[in-house]
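Chemist: Taken in order, these protein sequences are the chains called A and V. 537 is the number that the working numbering gives the last residue of the first sequence; the numbers go up by one with no jumps. 433 is the number that the working numbering gives the last residue of the second sequence; the numbers go up by one with no jumps.
Do not rely on the hints blindly, as some may be mistaken.
Claimed, not checked - Below, a list of computed lysine-lysine pairs in the DSS-like style, where the Cα atoms sit at most 30 angstroms apart:
hint, chain 1, residue 1, chain 2, residue 2
1, A, Lys534, V, Lys190
2, V, Lys257, V, Lys298
3, A, Lys355, A, Lys344
4, A, Lys343, A, Lys355
5, A, Lys534, V, Lys188
6, V, Lys346, V, Lys281
7, A, Lys355, V, Lys188
8, A, Lys355, A, Lys429
9, V, Lys257, A, Lys505
10, V, Lys124, V, Lys135
11, A, Lys505, A, Lys343
12, V, Lys298, V, Lys281
If you're looking for bench data, these hints aren't it; they were derived computationally from the structure.
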Amino acid sequence: MKKLLSEFFKGIIKENPTFVLALGLCPTLAVSVSVINGIGMGVAATFVLLGSNMIIALIKNFIPARIRIPCYIVVIATFVTIAELAMKAYSPILDRALGIYVPLIVVNCIVLGRAEAYACKNSLVNSFMDGLGMGVGFTLALILISGIREFLGAGTILGHTVVKGFEPVFVMGMPSGALLLIGLLLGFFNLAKRRN
Amino acid sequence: MNKLIVSPAPHLYKGESVSRIMWMVVASLIPAGVAGIFIFGPSALSVIITAVISALAAELILQVATKRKITVFDGSAVITGLLLAYNLPAHVPLWLPVIGSFFSIAIGKQVFGGLGQNIFNPALVGRVFLMASWPKYMTVFTQPLNYDAIAQATPLAALKEGKIIEHITYLDLFLGKRGGCIGEVCILALLIGAGFLLIRGYISWQIPFTYIITTGVFTYIFAGKGLFAGDWLFHILSGGLILGAFFMATDYVTSPLTTKGQIVFGIGCGLLTAIIRLWGGYPEGVSYAILMMNAATPIIDRFTKNRVYGSR
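Using the sequences and the accompanying hints, generate a full structural model.
Modeler: Here it is as C-alpha cells:
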C-alpha cells in the first residue's frame with residue numbers, strides 16, 4: 342500500500358511531468374490561457390493516461406518489442422478518441438477552446454513516455470497509480486500555470502474579476518508569456534530541488 | 122637598482138574599468154535626456170527618474186535576495202534604466218517604467234547571472250515586454266514643445282498608416298521637433314553623446330555606421346514608389362535608429378567581439394530594421410532588430426573568430 346501511494350505521489354512533485362520531466366510542454370504552452378482550459382486539458386490527459394497505462398500494463402507481454410511504439414499509439418489514440426468525442430458531446434465550448442490540442446494528446450510526450458518508461462515494465466495496479474499520479478501532477482501544473490496566466494493576462498480567475506482596476510499584462514495571454522512563465526517556474530522548481 | 126620592477130604583463134595600465142566605462146556612457150546619454158525633457162516637458166523627467174531609481178532598486182533587491190556581490194553602483198543598472206526611459210513615450214503612467222525596469226533587470230540581466238552574462242540588451246527586453254503587454258500606453262506619443270499631452274503620431278507611424286506627414290522638415294527631425302520616445306527624438310543631442318564615446322574609444326565605429334548605412338541604403342532602394350527613390354534621410358532621422366545604433370546595438374555584452382563580426386551585426390540590424398519598417402506590422406523595428414541580432418551574436422562570434430597568428 343505504501344508503495345502504491347508513493348507511485349501516486351511521485352508524479353505530483355518529485356517527478357512532476359511538466360516541471361521536472363519537462364514533458365508535454367506543447368499543450369501546456371498552448372492551452373494554459375485560462376484555468377478552465379487548463380483543467381479541461383488536464384482531466385482529458387489524465388483519463389487517457391489512466392486508460393493507456395492500464396491497457397498497456399495488461400497487454401505488455403503480447404506486444405512484440407520491435408513494434409511496441411505503434412502499438413502504444415493505437416491504444417493511446419483509442420482513448421483520445423473517446424475523450425474527444427465525450428468532450429464534444431458534453432462540453433462543446435471547452436472542446437472549441439482546446440481545439441486541435443485534444444486530438445494531439447495522442448502524441449503527448451507524457452502519455453507515450455509513461456507507457457514506454459513505466460507501464461510496459463510494471464503491473465496493472467502500479468501502472469494505474471502511476472498514471473493517476475502523473476495525470477494529477479500534470480493537471481496541477483496546468484492549473485498553476487493557467488492560474489497565473491489568466492490572472493496576469495486577463496485579470497480574472499475562472500472568469501471572475503479579482504482585482505478592480507488591474508491593467509492586464511497582455512503578453513501573458515500569448516504563447517511568449519507562457520514560455521517566459523514556464524521557464525521561471527522550472528527555475529524555481531530546480532532551486533527548490535537543489536535546496537533539499 | 123631598486124627602480125627595476127619585475128611584473129607580469131600588462132605593463133601599461135590606462136586606469137579604465139567596467140564601471141568607469143559605464144559611467145562614461147551614462148554621461149554621454151545626458152544630452153539626449155536633457156533634450157527630451159526640454160521637448161516633452163517635466164513628465165519626461167519623472168519617467169526618466171522613475172526608471173533609473175527602479176532599475177537600481179531592482180538590481181539591489183535581486184542581488185541581496187540571491188546573495189551575490191552588490192554592484193549597484195557600477196553604472197550598468199543606471200544605463201539600463203536610462204535607456205529604458207529613453208525608449209518610452211513621455212506621458213506614460215509612472216508604474217510602467219517601474220515594471221519595465223524591474224523586468225529589464227530581473228529577466229533581462231540577473232536571471233542570466235548579472236552583468237556580462239546576459240544574451241539580450243536588458244533595456245530592450247524591458248521595452249519589448251512593455252510594448253507587448255500594454256501597447257495602448259506604449260504607442261501614444263505626444264506633441265513636441267507642448268506640455269499638455271496632446272496625442273500625436275510619430276512620423277513613422279503616420280507613414281505606416283499612409284497619412285501625409287505635414288510640416289515636418291529634416292531640420293525638425295534633426296533637432297527633435299516631432300512625436301516620439303523621450304530619448305530618441307533629438308538627433309543632435311544623441312550625436313553629441315555618440316561623438317564623445319567614439320572619440321574616447323568607448324564604442325567602435327563598425328556597428329553604428331554599418332547599421333545606419335544599411336538602413337539608409339535599403340530604404341533608399343525600397344521605400345519609394347519605384348526602386349531607388351526612397352526617402353532615406355527621413356528613415357535615418359526618424360524613429361529610434363540613431364539611439365539604437367550608437368547606444369544599444371553597441372552594448373559590449375550583447376554584440377560580437379571582432380571587427381568582422383561587428384560589421385555583420387550592424388548590417389543585420391540595418392536590414393531587419395528596414396524590413397520591419399517597410400513591410401512589418403510595427404511602424405518601428407529598431408528594438409526588435411537589435412534583439413534578433415543579439416540572439417545571433419554567439420553564432421556570428423563563432424564564424425568570425427580571429428585567426429591566431431601561426432595557426433590554421
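Chemist: Does each hint fit the structure? Answer for all of them.
Modeler: Hint by hint, here is what the structure shows:
1. Lys534/A <-> Lys190/V: holds (24 angstroms)
2. Lys257/V <-> Lys298/V: At roughly 23 angstroms apart (the allowed maximum being 30 angstroms), Lys298/V and Lys257/V satisfy the hint.
3. Lys355/A <-> Lys344/A: holds (15 angstroms)
4. Lys343/A <-> Lys355/A: This hinted pair holds, its Cα atoms lying about 16 angstroms apart.
5. Lys534/A <-> Lys188/V: holds (18 angstroms)
6. Lys346/V <-> Lys281/V: holds (14 angstroms)
7. Lys355/A <-> Lys188/V: holds (27 angstroms)
8. Lys355/A <-> Lys429/A: violated (34 angstroms)
9. Lys257/V <-> Lys505/A: holds (19 angstroms)
10. Lys124/V <-> Lys135/V: holds (21 angstroms)
11. Lys505/A <-> Lys343/A: violated (47 angstroms)
12. Lys298/V <-> Lys281/V: holds (19 angstroms)
Checked against the numbered hints given earlier, this structure breaks hints 8, 11; the rest are met.
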